[in-house]
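Following the hints, put chain B in place on chain A, whose structure we already have.
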Amino acid sequence: MAYDSFSILKSSAVPMPIENVDTDQIIPARFLKATERKGFGDNLFRDWRYDKNDQPKADFVLNNPTYSGKILVGGKNFGSGSSREHAAWAIYDYGFRCVVSSFFADIFRGNAINVGILPVQVSPEFLHQIFEAIEKDPTTELEVNLPDQTISILATGATESFAINGYKKHNLLNGFDDIDYLQAMKDEIKAFSVNR
Amino acid sequence: MSNSPKTLFDKVWDSHVVRQITDGPDVFFIDRHFIHEVTSPVAFLGLEQRGISVLFPEKTFATADHNTPTINQHLPVEDPLSANQLLQLEKNTAKYGISHWGLGNPKNGIVHVVGPENGITLPGMTIVCGDSHTSTHGAFGAIAFGIGTSEVEMVLSSQCIMQPKPMKMRINVNGALGKGVTPKDVALYIISKLTTSGATGYFVEYAGDVFRNMSMEGRMTVCNLSIEMGARGGMIAPDQTTFDYIEGRELAPKGAEWDRQLAYWKTLFTEEGAEFDQEINFSAADIEPMITYGTNPGMGMGISRNIPKAGDVEGGVATYEKSLEYMGFAENDSMIGKKVDYVFIGSCTNGRIEDFRAFASIVKGRKKAEHVTAWVVPGSHIVEAQIREEGIYDILTEAGFALRQPGCSACLAMNDDKIPAGKYAVSTSNRNFEGRQGPGSRTLLASPLVAAAAAITGVVTDPRTFL
Numbered sequence: 001m002a003y004d005s006f007s008i009l010k011s012s013a014v015p016m017p018i019e020n021v022d023t024d025q026i027i028p029a030r031f032l033k034a035t036e037r038k039g040f041g042d043n044l045f046r047d048w049r050y051d052k053n054d055q056p057k058a059d060f061v062l063n064n065p066t067y068s069g070k071i072l073v074g075g076k077n078f079g080s081g082s083s084r085e086h087a088a089w090a091i092y093d094y095g096f097r098c099v100v101s102s103f104f105a106d107i108f109r110g111n112a113i114n115v116g117i118l119p120v121q122v123s124p125e126f127l128h129q130i131f132e133a134i135e136k137d138p139t140t141e142l143e144v145n146l147p148d149q150t151i152s153i154l155a156t157g158a159t160e161s162f163a164i165n166g167y168k169k170h171n172l173l174n175g176f177d178d179i180d181y182l183q184a185m186k187d188e189i190k191a192f193s194v195n196r
Numbered sequence: 001m002s003n004s005p006k007t008l009f010d011k012v013w014d015s016h017v018v019r020q021i022t023d024g025p026d027v028f029f030i031d032r033h034f035i036h037e038v039t040s041p042v043a044f045l046g047l048e049q050r051g052i053s054v055l056f057p058e059k060t061f062a063t064a065d066h067n068t069p070t071i072n073q074h075l076p077v078e079d080p081l082s083a084n085q086l087l088q089l090e091k092n093t094a095k096y097g098i099s100h101w102g103l104g105n106p107k108n109g110i111v112h113v114v115g116p117e118n119g120i121t122l123p124g125m126t127i128v129c130g131d132s133h134t135s136t137h138g139a140f141g142a143i144a145f146g147i148g149t150s151e152v153e154m155v156l157s158s159q160c161i162m163q164p165k166p167m168k169m170r171i172n173v174n175g176a177l178g179k180g181v182t183p184k185d186v187a188l189y190i191i192s193k194l195t196t197s198g199a200t201g202y203f204v205e206y207a208g209d210v211f212r213n214m215s216m217e218g219r220m221t222v223c224n225l226s227i228e229m230g231a232r233g234g235m236i237a238p239d240q241t242t243f244d245y246i247e248g249r250e251l252a253p254k255g256a257e258w259d260r261q262l263a264y265w266k267t268l269f270t271e272e273g274a275e276f277d278q279e280i281n282f283s284a285a286d287i288e289p290m291i292t293y294g295t296n297p298g299m300g301m302g303i304s305r306n307i308p309k310a311g312d313v314e315g316g317v318a319t320y321e322k323s324l325e326y327m328g329f330a331e332n333d334s335m336i337g338k339k340v341d342y343v344f345i346g347s348c349t350n351g352r353i354e355d356f357r358a359f360a361s362i363v364k365g366r367k368k369a370e371h372v373t374a375w376v377v378p379g380s381h382i383v384e385a386q387i388r389e390e391g392i393y394d395i396l397t398e399a400g401f402a403l404r405q406p407g408c409s410a411c412l413a414m415n416d417d418k419i420p421a422g423k424y425a426v427s428t429s430n431r432n433f434e435g436r437q438g439p440g441s442r443t444l445l446a447s448p449l450v451a452a453a454a455a456i457t458g459v460v461t462d463p464r465t466f467l
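Sequence lines, in order, name chains A and B. Going by my numbering, 112 is the number at position 112 of the first sequence; the sequence numbering is gapless. Going by my numbering, 5 is the number at position 5 of the second sequence; the sequence numbering is gapless.
Pulled out of the complex, with its shape left as it was, chain B reads as follows:
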């Protein structure tokens, strides 16, 4: 190999290629495989039909999250189809000896929350899961991305998938973030500039002051949303913030193994002069609290602005108009003051402790607007325990909010947490597609601060007025 400077991405990718197929994809080795109840059953069925087994069961971890209720988890799951998916996950993992953190397990929670918090997401790893928000784990300097069920079957049976190497993009955001501007806003800002397909075909490295100074929770939020601009994944070079987060976590390396791995992790950075296929720069000062007004995550804007006119945005006018019609909005409308029916805080995007701290910072000493239904859903039992320990639970309760149990919940509304048709929800999740949060639901994506401000006032509100 040449001695030319290497990117973080190249270092991790190249060290996982088992075989390069001429005029074809790389046979790509996977260190960590997460599975859940929705995208794994057909893969296990495939193994059975072919009469093959799981090659490395210790490299796969299962959690139940997509389809689980967020109340009364101690009771049997009512929906028979959901219950069956959970049962199949339990059976399949038991059959092949795969760790299973099912409902009621203290480690249970959203797959992209529990991996990192239990110390099994580590720098330099390749990580996949049948879920597009697997990009979350890139926050640790891992190559992590979502796969389909055929690929889940490949990883189970051979610990490899077939992947053409993506192109490389670096997104630099420098400067200091303003008051009330959170990692979610940084991500929604970038997506609004690149559009939902702007990074398709690329793997992104996030660099610059803003990400250096960001907590691991914040970095996870940013990397989580990489898929929403079409990127396969996004990653951030590991540093002391990363190492401090991992050290001491239950399943993280310990003792001599820690020292050995740490020495390797410290080599994971992009070298001076390394080349990217595309490099994009943004200034932190240009970013304000964001909100979406349309039906894809690229249709976002600074909360104080007005909805753009069809002619001013990239893409088809007809598609744009269809989107605004669905939302019940008009060009040039201000978002501030729009009535909000539901508020959802949670999901793999914003379901970590820092998100609930931010939410609590605004609702503390105030009351939830009477007409707003709020769903406050921790990303895991560990997050839920932190919420209680830190007194956030009391703040929420006094302000009129109830805490639910962990799961994906209203982010994709596979369980009963569905936003009714025509209702508006300010949601800290990741997708505002038509019907995403329930048939006919209308989603406004935003940060936990914007969600809190909306929950208190009952209308879209600039959170900076509370800070």
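Extracted from the complex, chain A is given alone in its bound form:
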């Protein structure tokens, strides 16, 4: 069991309406020097969050006490760039369990699920509705329902369904990971490797 299981998450959300948020912004390379998966949340969005004297930048959303919650809502093409899983670790370590966007970069999406963060891809229109709802009321709650594969804006009742394959859904619901699965089929893999 590599992470907590995920079922239904009801939380306010942190809005980041910026497109192409790359993994170098999520966690800059100079913070990749640890050899354990610890403390990455402190450096989440480091250079957007702190100035060069390590003072919090007041205009950055994570420094604004108005916004909080376990859901991060980002613009299109979230998580592009480097394959560093440290980006997903930093988001998880900071306290987010779900990232919502209208489009995710492939590697980030896979890394997120592998560490127990649910990436929820919604339509551009629904994303716009979420940003609007948060702007109107920063405490507005979203409900992400993995069993039903739906995301709702509780204040407006707007709901959209999202896609996830059955295997990954089962894993997330139960907190299983791929290594458990692969360990159980090692003989089949060894037999396959003989012909390679």
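No wet-lab data here; the hints were simulated from the structure. Remember, it's a predicted structure, so these values are computed and weren't measured experimentally. The beta-carbon is built from N, C-alpha and C at its ideal position, and this holds for glycine as well. Please note: incorrect hints may appear among the correct ones.
Calculated cross-link-like contacts (lysine-lysine; reagent style DSS-like; alpha-carbon spacing at most 25 Å) [claimed, not checked]:
| id | chain 1 | residue 1 | chain 2 | residue 2 |
| --- | --- | --- | --- | --- |
| 1 | A | K76 | B | K309 |
| 2 | A | K57 | B | K11 |
| 3 | B | K322 | A | K52 |
| 4 | A | K76 | B | K165 |
| 5 | B | K423 | A | K52 |
| 6 | B | K266 | B | K11 |
| 7 | A | K38 | B | K338 |
| 8 | B | K107 | A | K33 |
| 9 | B | K322 | A | K190 |
| 10 | A | K186 | B | K266 |
| 11 | A | K169 | B | K6 |
| 12 | B | K6 | A | K52 |
| 13 | A | K136 | B | K322 |
| 14 | A | K57 | B | K322 |
| 15 | B | K322 | B | K193 |
| 16 | B | K91 | A | K33 |
| 17 | B | K193 | A | K76 |
| 18 | B | K322 | B | K367 |
| 19 | B | K165 | B | K11 |
| 20 | A | K76 | B | K322 |
| 21 | B | K367 | B | K338 |
| 22 | B | K309 | B | K322 |
| 23 | A | K10 | A | K190 |
| 24 | B | K165 | B | K266 |
| 25 | A | K190 | B | K11 |
| 26 | B | K107 | B | K6 |
| 27 | B | K91 | A | K38 |
| 28 | B | K339 | B | K367 |
| 29 | A | K186 | B | K95 |
| 30 | A | K33 | B | K95 |
| 31 | A | K186 | B | K165 |
| 32 | A | K190 | B | K95 |
| 33 | A | K190 | B | K59 |
| 34 | A | K70 | A | K136 |
Across the chosen pairs, the derived CB separations fall in these ranges [to be verified]:
| id | chain 1 | residue 1 | chain 2 | residue 2 | range |
| --- | --- | --- | --- | --- | --- |
| 35 | A | N64 | B | S4 | 51 to 61 Å |
| 36 | B | L75 | A | D137 | 53 to 63 Å |
| 37 | B | A176 | A | D148 | 55 to 65 Å |
| 38 | A | D137 | B | G311 | 30 to 40 Å |
| 39 | A | F131 | B | S215 | 45 to 55 Å |
| 40 | A | R196 | B | K266 | 17 to 27 Å |
Positioned in the frame of chain A, the structure of chain B alone reads:
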């Protein structure tokens, strides 16, 4: 299976599927696994915590590159955190019997440079590494892509990862490239047309005259940058150019094994009539030397053009304006003549011998602009040796350039090679994200020819004026 014509990608993918999970990913077998000091330690820690081992240590190769200094490599690494990562790599590989090309090893260098040049990147293979530029190895007709650390742990422990099969895209570029137009320009051109997310969800095959006529070094540059348009990877069908490159390399197959593998490699091409989910055509004649002006690799343009207006580009206006503000540029600016503070030639994108030959072709007999700091960083010790053997070292020295030691260096600035805040760097690397080359750094991505022209003049310059 049906007899319908198959793509190169299908041939390689399908032959590596151990098990298909209903409503889930494929269990995908990996032939070659590269690891480095930054994305592997937590994977090894995971093995220990679970009490499991490495299934096929002979299929994994380790090199130290991301975090290594590019001067005084014979001395102990000063940064204790970096030193610890290097030490952990050494310990972990020794514990499990994995080949380790650490600092000082003659085979050491950037992972995507040393794999091919030592003959362990081969056609038809599946290749992964905890680094998104693993797509580089697709130049050999391999399926190669970057993975996260959880997946590094999967490959170590089971030689497999879980992957849904991507969709297929073919990008054809036909015709002849103009003067001063290099493989880097071809790639930056394609990315500028597709945007950084235009190929997300796809695996790309590059086809057409331009790639057929390209050297292996050039093909590696193109495939390397596939990830910058969101593609998982890119590949080019192997041909005589590929076979000639591989033959005789130290760890490449020899004798009867060579003949056996070569016969297989010759079957690796896309058959006439095979279908792609998307096919895109470009004309080589439309491509000029490229340069980026913004904070993602899709924000590139022909060097003679002006920076587009926000309304003319796809995507959010606010994001675009934020990007130009960071760069200190304005809409409609010309890039030609902009002052350059730093020049970086190197990285897994442009750190091979051909790149240094191109760079030298312009700096030969000229002098580096006094105000420009230049970092010339070979991709490996083998590249460094070639630079010396071919006389490029002397050309560089006479022109005022110093040669550094191999590593990823200023491409991601994990070591001391950081571009200072606010400074402009013309860089042959792959990413111009905010702060990528150091906090506050401003990166202009370009080819080795554009980098050379900038290093000589001290401003952004069309390299064709030197050719």
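Margin query: Does K76/A sit within 25 Å of K193/B, going by the straight-line distance between their CA atoms?
Written below: Judged against 25 Å, a Cα distance of about 17 Å means the pair holds.
Next item on the list: Could you grab the alpha-carbon distance between K266/B and K11/B and see if it respects the 25 Å cut-off?
Entry: holds (12 Å)
Item checked: Hinted pair K190/A and K59/B, Cα distance within 25 Å -> Holds - the C-alpha atoms of K59/B and K190/A are around 13 Å apart, at most 25 Å.
Note to self: Checking one constraint from the list: CA of K10/A to CA of K190/A, max 25 Å. Satisfied?
What the structure shows: violated (44 Å)
Item checked: Agreement of K136/A and K322/B with the hint, judged by alpha carbon distance not exceeding 25 Å -> Holds. K136/A to K322/B sits at ~24 Å (cutoff 25 Å).
Next item on the list: Could you say whether the range 51 to 61 Å given as a hint is met by the Cβ separation of N64/A and S4/B?
Entry: holds (56 Å)
Note to self: Please check whether F131/A and S215/B have a Cβ separation lying inside 45 to 55 Å.
What the structure shows: holds (48 Å)
Check: Does K91/B pair with K33/A here, judged by a C-alpha cut-off of 25 Å?
Finding: holds (16 Å)
Check: Does the alpha-carbon distance linking K165/B and K266/B stay inside the 25 Å limit?
Finding: holds (24 Å)
Margin query: Hint check: K57/A vs K322/B, CA-CA at most 25 Å. Holds or violated?
Written below: holds (16 Å)
Check: Going straight from one Cα to the other, do K76/A and K309/B come out at no more than 25 Å?
Finding: holds (20 Å)
Checklist line | Hinted pair K57/A and K11/B, Cα distance within 25 Å | finding: violated (52 Å)
In summary, the structure is inconsistent with hints 2, 7, 9, 10, 11, 12, 18, 23, 26 from the numbered list given earlier, while agreeing with the others.
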